[in-house]
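Chains as they are written, first to last, in numbering that gives the first Met the number 0: chain F, 0 to 307; chain L, 0 to 307; chain V, 0 to 307; chain Y, 0 to 307.
Please keep in mind that the hints were generated in silico from the structure rather than gathered at the bench. Don't take every hint at face value.
[Stated by the list, open to error] These stretches of chain L come out as covered by chain F in the derived footprint (C-beta under 8 Å, 3 or more residues):
no.	stretch
1	85 to 92
2	102 to 116
3	143 to 155
4	227 to 235
5	294 to 307
Where a beta carbon is used, it is the ideal one built from N, C-alpha and C, also for glycine.
Spelled out, the chains give:
4 protein chains.
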Amino acid sequence: MSQTYDYQQILNTIEESLRPYCNRGDIADYIPELAKIDSDQFAMSLCFNDGREYSVGDFRTPFSIQSISKVFVLTIAMQLVGEELWGRVDREPSGNAFNSLVQLETEMGIPRNPFINAGALISTDVIIQETNNAYDEILDLVRRISLNQNIKFNEKVANSEYSEGDRNAALAYFMKSFGNINSTVDELLRVYFAHCSIEMNTLDLARSFLFLANGGIVPYTGDVIIPAGSAKRINSIMMTCGLYNNVGDFAYSVGLPAKSGVGGGIAAVLPGEFSLAVWSPGLNENGNSLRGIKGMEIFTSLTNQSIF
Amino acid sequence: MSQTYDYQQILNTIEESLRPYCNRGDIADYIPELAKIDSDQFAMSLCFNDGREYSVGDFRTPFSIQSISKVFVLTIAMQLVGEELWGRVDREPSGNAFNSLVQLETEMGIPRNPFINAGALISTDVIIQETNNAYDEILDLVRRISLNQNIKFNEKVANSEYSEGDRNAALAYFMKSFGNINSTVDELLRVYFAHCSIEMNTLDLARSFLFLANGGIVPYTGDVIIPAGSAKRINSIMMTCGLYNNVGDFAYSVGLPAKSGVGGGIAAVLPGEFSLAVWSPGLNENGNSLRGIKGMEIFTSLTNQSIF
Amino acid sequence: MSQTYDYQQILNTIEESLRPYCNRGDIADYIPELAKIDSDQFAMSLCFNDGREYSVGDFRTPFSIQSISKVFVLTIAMQLVGEELWGRVDREPSGNAFNSLVQLETEMGIPRNPFINAGALISTDVIIQETNNAYDEILDLVRRISLNQNIKFNEKVANSEYSEGDRNAALAYFMKSFGNINSTVDELLRVYFAHCSIEMNTLDLARSFLFLANGGIVPYTGDVIIPAGSAKRINSIMMTCGLYNNVGDFAYSVGLPAKSGVGGGIAAVLPGEFSLAVWSPGLNENGNSLRGIKGMEIFTSLTNQSIF
Amino acid sequence: MSQTYDYQQILNTIEESLRPYCNRGDIADYIPELAKIDSDQFAMSLCFNDGREYSVGDFRTPFSIQSISKVFVLTIAMQLVGEELWGRVDREPSGNAFNSLVQLETEMGIPRNPFINAGALISTDVIIQETNNAYDEILDLVRRISLNQNIKFNEKVANSEYSEGDRNAALAYFMKSFGNINSTVDELLRVYFAHCSIEMNTLDLARSFLFLANGGIVPYTGDVIIPAGSAKRINSIMMTCGLYNNVGDFAYSVGLPAKSGVGGGIAAVLPGEFSLAVWSPGLNENGNSLRGIKGMEIFTSLTNQSIF
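Using the sequences provided together with the hints, build the complete structure.
Printed below as a string of structure tokens:
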């Protein structure tokens, strides 16, 4: 219904109108590799199920996807164990910080959803337990859906995060004490920080989310990633749990299922239509890309394309 | 895109397929007026922005809308004070029970969203403070959007709830101690339980939600209720906070912004398309209508019309 | 063992050494009647089981005993219902603020101990339910143990507190919603704020605590107030719960079972030996009398008389 | 004042009167080494500052002291860093379970007191950081105060606990993420489980607590362990935090500062007078020795010697 827009023009307009916000926001600085990123950068890519692609800005520059990888490991975990997964992780908003341990204590080691750290550790544990090589499994999936065989982990970032990973170790040991982690915590954290360290540009990222806008199938290749019901499931969890404590405001201001990462990326989909990826390193007080959210807001305002 | 379905046939199919669930679920029994409802009843009504209407089952039988009224008082509060409202109530999922006091303590008397009890008390307080007669204001709005001048409060139900209302009194006094309630608690609870006691049938209810599917305007009359942005806001809050601790599963299984009530009603919208209301008194363990959720699931499955 | 000290000299020394702290601490200012107190004042009284009495400073000036009254209503509640009381209130430290609602939610309306507000409301509720006139019952007990027939409520203070009592109303309604309050909340709060408003001087106060140092019997008159076991029980609760979040430090620095009030009073006992009351309106950050705690510290240091 | 009792007779009476409770209570069974203990056993030892010693039952049988070792590591930590310790651990009752992580999250990794697991990990961390060999340091102290050079760790128990120690690892990593642990978590847990595995009989244990009843000095040898003020501090923390969620009831029913362990031991002191150790493996629902608490109750009842 909305195919009449000049999308390239819209992306250009967005980039232009966000210039004044260049130096706003804080760069994630808990590890040196993220702290040294040039905060001026901005990129946005839009991919339609029908093959049209549009990009603007630094869309050829790879960045650290961080928590966006939680969508990929959830996808693989659902491939591997299907509905069984929901015995180990719930699907409701947490109402707490992404790295909180509090609810785990009263809820017997069952994380609220797969997009808080504890929940992504469960997905990661499933992959370690159910496959021969978790690293390969994750890279394979990401390469398949991004159509880019060069995607890889950034070992320096992963090692740096591992060395600062005490809180995630606490989460992992806590869940293990309830019997909800089967791998050793060391291996679990290694794989977890590896997938957080994956680097993609916005075009890679938009392409890699397109299967979620297309009923679980990569539209360019016909590659079936997950059943349509599983894609719908992931979209609904992104809608209610994808942006931590910004989920309510993002649902209003953007109105698309999405997942953000502390590297400054956000990936979203409009089911049946398109995927949209944005990147800008400056973060708001909730750890979401400041210009990224604004850019998506402008996009859904100009095109009137949200789910609400 | 979906106008080719025979919707009357679909509603009939849904009613038929839910027959086996007739005696399932628990009736709300905390007040006698609700406890004595015949649990066999089922009704569903569907209204399109373009004027088509379909109903099935006991759609002429009025029932107690209870928490669905939170949508109506939020609508009025937004009419009255606009964005100011968000200084007194947040818009994020709570992760806790609908009547929890815990977060209020750490969050200084600011409720997480307008659809938990504490949040609806804020909307109610706004109406009392900003109008001459809160009761009339609420009835007027509901009659306008339902196109039914006979909608009224059930005083017996309201009085019964008031006499059992200690927990809501605790919520109100607690927020008042933080300076976030301006009315007397007695008047606040009287108005609150009055709007909870409103009785509507599913056709009234579906009609009354149609302005949310139509950018804030009642399509049949052109009556402008709220700006399009406010309608979008309410839809996004329903999506992330409308079904308490079922919000994640409902987003997946139904995929429509919706609000439920303990009287067994659920009202939902597909923005740009239609509103859908269902009623069946038997509740699941989260206090949502058991056959109501199932009915909506079947509807969005058969018609493939959800936001995901 | 300690009878060789010159106690009058010790009290004089304490008063002298606290002069430099005269203007320290904050006066409770949540109601005007407390806010206008002259913060220079200081008094201390010491009564032995054997009849010796010593006082220093403004020991003839009555002040608002506030939370110290929780000891008196607990005493009466134990007289009235004995061990039954412990079905409605626990005897463990709360680890939370004196007016917190959080634990009540997870612990089904059962307060942690009788010295947080919620617990004292339970004692008050018992007195209302089990006697003909709760006000008289409370005054009678306090007059009996203080040997002062002129003790009375300060109605102006009580009314002022009542008008600011939203948080206590929240506590009361919350417990009522769990079935743990039988009186109307209005009557309950009226009686509660009445006993908080009782005015005594330090000599009255020290005398009124002496039965707790003497196995439940007022030593001067032989009046049996409660069984020895009940006196021991109250002392042990004062030790573990008497000074809110200062309980650990007070146990160390003073080492006596005690109860404090926001009016600046503290009353303590050394079982088998004496009672000690102190008053000075300036409060520390935990709401306990700053010079009061220091005075008691000096006393137990100089006399080497604590329970540890 | 109490020297006229026949203490041997009293201990005999206690043992006799507890016979009917032989099979009551549950043995700690989270590791095989503790699970296989014969639950019939009972022992009690009493040591006076003046050198008198009395024992009854299986007082020559060593048992696992478990959490009682928290008193020993706290003693060493206070020797090493003095008041500085209180910047890393608080001294207030927690109101939560001994292994809870919840308060650590809101209180920035500072444990409530040294007798919950998190607090004892802080003491242990201090010893590792401040000494050349934490194991030797701990054994040396325990041998000095128990006057028994044969006290040692039970490596099998320590290894078994280590292999089940995920929850304690979570606590350690969580505090480390707040910067409140300096050792590696692996070394920390090794030392922690080592001191928990120390085996003593009740006579060893009573002797080893006597310095706390004697102003920090072992009375038999004159060996100065800690200043009198530090001994008083430890006693006051035992009083308010020594028996987890039984602290209030134990303060009433026994009325002595004490520390319990899941191996069935309890050690207590009456400052200025004596130390008392009891052992019986059957535990109540709070993890404290069932016959141990009863035995101490009978002792303070018969001798009228408590602090209240």
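Right, here's what the structure says about each hint:
{"no.": "1", "hint": "85 to 92", "result": "holds (count 4)"}
{"no.": "2", "hint": "102 to 116", "result": "holds (count 3)"}
{"no.": "3", "hint": "143 to 155", "result": "violated (count 0)"}
{"no.": "4", "hint": "227 to 235", "result": "holds (count 4)"}
{"no.": "5", "hint": "294 to 307", "result": "holds (count 3)"}
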